[in-house]
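Put the two chains together into one complex, using the hints given.
So the sequences go chain by chain: F and Y. So in our numbering, spot 239 of the first sequence is number 239, and the numbers just go up one at a time. So in our numbering, spot 16 of the second sequence is number 16, and the numbers just go up one at a time.
Just so you know, not all the hints are guaranteed correct.
Claimed, not checked - Quick list of simulated restraints, FRET-style, between CB atoms: (1) Y:Ala148 x F:Ser127: 20 to 28 Å; (2) Y:Ala148 x F:Lys58: 38 to 46 Å; (3) Y:Val181 x F:Asn128: 17 to 25 Å; (4) Y:Glu104 x F:Lys199: 52 to 60 Å; (5) Y:Ala155 x F:Glu332: 29 to 37 Å; (6) F:Pro30 x Y:Ala50: 33 to 41 Å; (7) Y:Glu104 x F:Asn128: 31 to 39 Å.
Stated by the list, open to error - With a Cα cut of at most 27 Å, we get these calculated DSSO-like pairs of lysine-lysine: (8) F:Lys231 x F:Lys216; (9) F:Lys216 x F:Lys270; (10) F:Lys305 x F:Lys273; (11) F:Lys250 x Y:Lys128; (12) Y:Lys102 x F:Lys326; (13) Y:Lys163 x F:Lys165; (14) F:Lys75 x Y:Lys83; (15) Y:Lys75 x F:Lys75; (16) F:Lys270 x F:Lys250; (17) Y:Lys163 x F:Lys42; (18) F:Lys350 x F:Lys274; (19) Y:Lys78 x F:Lys75; (20) Y:Lys128 x F:Lys165; (21) F:Lys199 x F:Lys305; (22) Y:Lys163 x F:Lys89; (23) F:Lys281 x Y:Lys128; (24) Y:Lys128 x Y:Lys117.
In case anyone wonders, no lab produced these hints; they're calculated from the structure. Please read all numbers here as calculations on a predicted model, not as lab measurements. Here a beta-carbon is modelled for each residue, glycine too, at the ideal position from N, C-alpha and C.
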Amino acid sequence: MSRVWKRIILLISAFSLIAVTVLLLVYFAPVPPTGEMEAARKALSSAATNKADTYSRKLYNQANVYYDSAMVNWKRQNRIFFYFRDYEKVISYANLSEMKAIEAENNSLISSSGLKSRLQPKIESLSNLVIELDLLFDSYPLTEETRNRISRGKLLLEEAKIALKNGIYLQANRKLTDSEYLLTESFESATENLTNYFKSYSLWKKWVEMTVNESKRKDDYSIIIDKFSRKCYVYFNGRQKYIFDAELGKNWVGDKRLKGDMATPEGMYKITKKFDGRKTKYYKALLLDYPNDEDTARFRAEIEKGSLPPNAKIGSLIEIHGNGGKGIDWTEGCVALTDKEMDIVFKIVKIGTPVTIVGSLTDLDAILNK
Amino acid sequence: MKNKVLMGLAAIAMVAVLSSCGKVPQEKIDATNTAITAAQTAEAAVYVPAEFAAVQDSMKAIMAEVEVQNGKLFKNFKNVTVKLDQTLAAANQVAANAAVKKEEVKKEVEALMTEIKAVVEENTGLMKKAPRGKEGAAVLEAFKTDMATIEASIAEAQGLYDKGAYMDADNKVKAAKERAVGINTELKEAIAKVKRK
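With the rest of the complex left out, here is chain Y (with noise of 0.2 Å):
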């Protein structure tokens, strides 16, 4: 009788144990797949798209893994549960770089922004003092063409810098003061060169 209890439980813990480690973690797939598109959400492709790629990666092999355990006839996902936790943990902190990226990018069109309205004012109050001789005047009427082309681009990037698309908002910026610039450089050495006159 003694014999029999013993042989009973011996085989509740042997089935205990192999379905412990024989279930998938679908609450973890789940949780990780739900960081994974959270860190999308955050625009990881956008901004940290190599750490991005290494998650979805990650989670791809996870998958295979699992599957691998399901076809096996005892299962064991103890592994795939580690994984899935480092996975979880990376997609939170891709999730995390991403937001901390995008704000850099959001810092950095804010200061060129400022930097480029700047330099804009700066070229108006140039313009008054350029020379107006032989061509002077003629090219500070292209100079006139080029600033309001500058400044609807900088309308343009304020537009996509509203819209949350740093990225963009970010290159067109760039573009318009490298030009801003480019002028106020060549206004400034027009002065300069009437002056030393």
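Looking at chain F on its own, in the form it has when it is part of the complex (with noise of 0.2 Å):
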């Protein structure tokens, strides 16, 4: 053999030597973590899809900070050699991805309906609410931070049913969780005033009784003002015959208990004097003989007991008068009627006829059913 042949020969088995040697390498190298990155990646995009950001934040952002490790380590082992890169640090760093990813998904769907399937009948329940409020309240002297709090909620009520209909029910959640307390607290504390109000309805029961067996007893003329439905009933020999509409004080819910401060006064009172013409500027009026003892006894014990200031005044003029028909409370304490129907009762009452002023007629429960 020529040493031309040798030579070719040596040349060709070191060539394919280093080819083997290159080969078995490359076969036994490890294999890059294509498979699990794309996994987790996609794993990534549908969480995304099922807004997963948004209703399972926490987890979709560790899903996201795994993914980013597993892409920073594949970085690093792709600037080693390749036959010596390691990529089970990669690996299980995808695969966390993933699982995070598929976990955040299935929470995200899992609170988005329930959130959605809760939403509903709260919104159903809030519109019962104010439906009720509405019923019970609405012509009932709530305070103005009460008025403006039912207002705030039914707007909160009305900007939570939007954002349920375009599908952002956190924002959805919480505007409902606002409207719930606005409405909520204003109800309870309206409830709670009324309960109040109604806790002297057996002494008023007992009034109203007394006024029209007097009315039967002496065969004349007595007046029940009811409060809370705003009515004037006119009795004669114990039988009802008139009922008019009455308006009363600003603040006629409770006991009138010192001067000015709008509320019309519950008790048994006798007409003392009858305005007509010049003598009064409400057309006609019936004078009444508020305070009587009663009154008197309670606002020195409110005096004393210091739940009244020293210079309170306990007030007086309280007058059932014309100028009525308004459709609002607007009285300093008194009870308005319309002209016309002053004219009626002026005409029939006399000084003494008794007039009886009661929170209601009908106990609460009744009201509450109704």
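Take a look at the structure:
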């Protein structure tokens, strides 16, 4: 064999050896984690599509952090000679990312559908509460603050409905929570107020019985004012003869406590004077004997207790008068009828005619059930 | 001699070909990332969330592909370059779409603002004409409170609009309009009822 051939064979052998070595190295080199990374990426994408970034933010963020860690480690491994690369950490992070993304997606689906199914009944229940509030307290003198809270609660409820319609459940839930707080709190405080108002119901009932009986016994007229229903009942000989709509003091809830509180007093009174023409600015008026002995005693007790300031005055000049028919409670504590109704009443009553003013003729349960 | 020169040239050509395909297209990556950031700044996540998520996912896939090629002996970034070009174009489109959608919502808020202001004004006029008989006046008092709340809500929506939060302003003003229109209907019905009598 010539020297040339020997060299050629040697060269080929050397190349073959190198090629086989390289091939073996490549064959046994660690496989890059392409599949795991793709699975993690797809899981993240699917989670994002199902709003996991909103409804399962913590898990979704964790999944993203794991994915980023996998990428960083992959880059680090790529800088090492290919045979010595170790993708274990990359795979581990990619798997964790995929697992967390799937968990986030499931969580998101459960949370969002759970939230959606909880929102609708909540909206319905709050809408019913709004109806109830309107029915019970439309003409009840709630404080301005309570009225504002109810109004804000209603608007927030409307905003929640729109957010729900647009699929923004978290926002809808936040708005509903705020609305629920405002409406429920207003309802509870108003109901508590109403319950307190009705505490004297048994006494009112007794007063009414006595007034009607007196009308029967004396074969004469007597007047009963029901503050809650804003009615003026005229009795003759124990029988109801007229019913008129009445308007009261701006702050009619509860008994009158002092001068200027705009409350209409509750009690058994009598007409002490009749005014018409220039003697009154309210067309015609019937002056009542407010404050009576009970009112005075109660007022003094309050002063002594300190629940009223020592310089407080009890007030006076409570009348049944004309100029009514405005549709609101506008007087400073008097009872207003329309001029036409006032003509009738003025004509039939006399000095001494009993006028009993009560909080309500109907008990609270009956009103609430109604 | 001639053979050696040819071999040399072939080797240079080979190296040139391999190196041209084997370099990470960093400039394109940076450009695409910049375009995605621009889309994010254009509030694509708010106005075109699905499109924006798709672009982000494409970028993630590309970066994975870059690492796949980086791990190879003979790198080839041709496919990556093509995908980067596509994603860059998509990111620019998403930013443009977000701007269009944002403008649409802005216009919608402006229109709603004009409409609701007209309804509020009409309600103020209707309240003067509304019946004030029994319960009517009390209801009007309640409406007055509601109208004040609606006006406060419009002011809030205007604040959101001024800040560029058009989506939030849109939701707020829609709710306020719904309520104002409700009051408008009730007022008109009450007035019509009185006229019929």
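Against the structure, the hints come out as follows:
{"no.": "1", "hint": "Y:Ala148 x F:Ser127: 20 to 28 Å", "in the structure": "holds, 22 Å"}
{"no.": "2", "hint": "Y:Ala148 x F:Lys58: 38 to 46 Å", "in the structure": "holds, 41 Å"}
{"no.": "3", "hint": "Y:Val181 x F:Asn128: 17 to 25 Å", "in the structure": "holds, 21 Å"}
{"no.": "4", "hint": "Y:Glu104 x F:Lys199: 52 to 60 Å", "in the structure": "holds, 59 Å"}
{"no.": "5", "hint": "Y:Ala155 x F:Glu332: 29 to 37 Å", "in the structure": "holds, 35 Å"}
{"no.": "6", "hint": "F:Pro30 x Y:Ala50: 33 to 41 Å", "in the structure": "holds, 37 Å"}
{"no.": "7", "hint": "Y:Glu104 x F:Asn128: 31 to 39 Å", "in the structure": "holds, 36 Å"}
{"no.": "8", "hint": "F:Lys231 x F:Lys216", "in the structure": "holds, 21 Å"}
{"no.": "9", "hint": "F:Lys216 x F:Lys270", "in the structure": "holds, 16 Å"}
{"no.": "10", "hint": "F:Lys305 x F:Lys273", "in the structure": "violated, 33 Å"}
{"no.": "11", "hint": "F:Lys250 x Y:Lys128", "in the structure": "holds, 21 Å"}
{"no.": "12", "hint": "Y:Lys102 x F:Lys326", "in the structure": "violated, 50 Å"}
{"no.": "13", "hint": "Y:Lys163 x F:Lys165", "in the structure": "holds, 24 Å"}
{"no.": "14", "hint": "F:Lys75 x Y:Lys83", "in the structure": "holds, 20 Å"}
{"no.": "15", "hint": "Y:Lys75 x F:Lys75", "in the structure": "holds, 14 Å"}
{"no.": "16", "hint": "F:Lys270 x F:Lys250", "in the structure": "holds, 23 Å"}
{"no.": "17", "hint": "Y:Lys163 x F:Lys42", "in the structure": "violated, 36 Å"}
{"no.": "18", "hint": "F:Lys350 x F:Lys274", "in the structure": "holds, 8 Å"}
{"no.": "19", "hint": "Y:Lys78 x F:Lys75", "in the structure": "holds, 19 Å"}
{"no.": "20", "hint": "Y:Lys128 x F:Lys165", "in the structure": "violated, 35 Å"}
{"no.": "21", "hint": "F:Lys199 x F:Lys305", "in the structure": "holds, 21 Å"}
{"no.": "22", "hint": "Y:Lys163 x F:Lys89", "in the structure": "violated, 45 Å"}
{"no.": "23", "hint": "F:Lys281 x Y:Lys128", "in the structure": "holds, 25 Å"}
{"no.": "24", "hint": "Y:Lys128 x Y:Lys117", "in the structure": "holds, 17 Å"}
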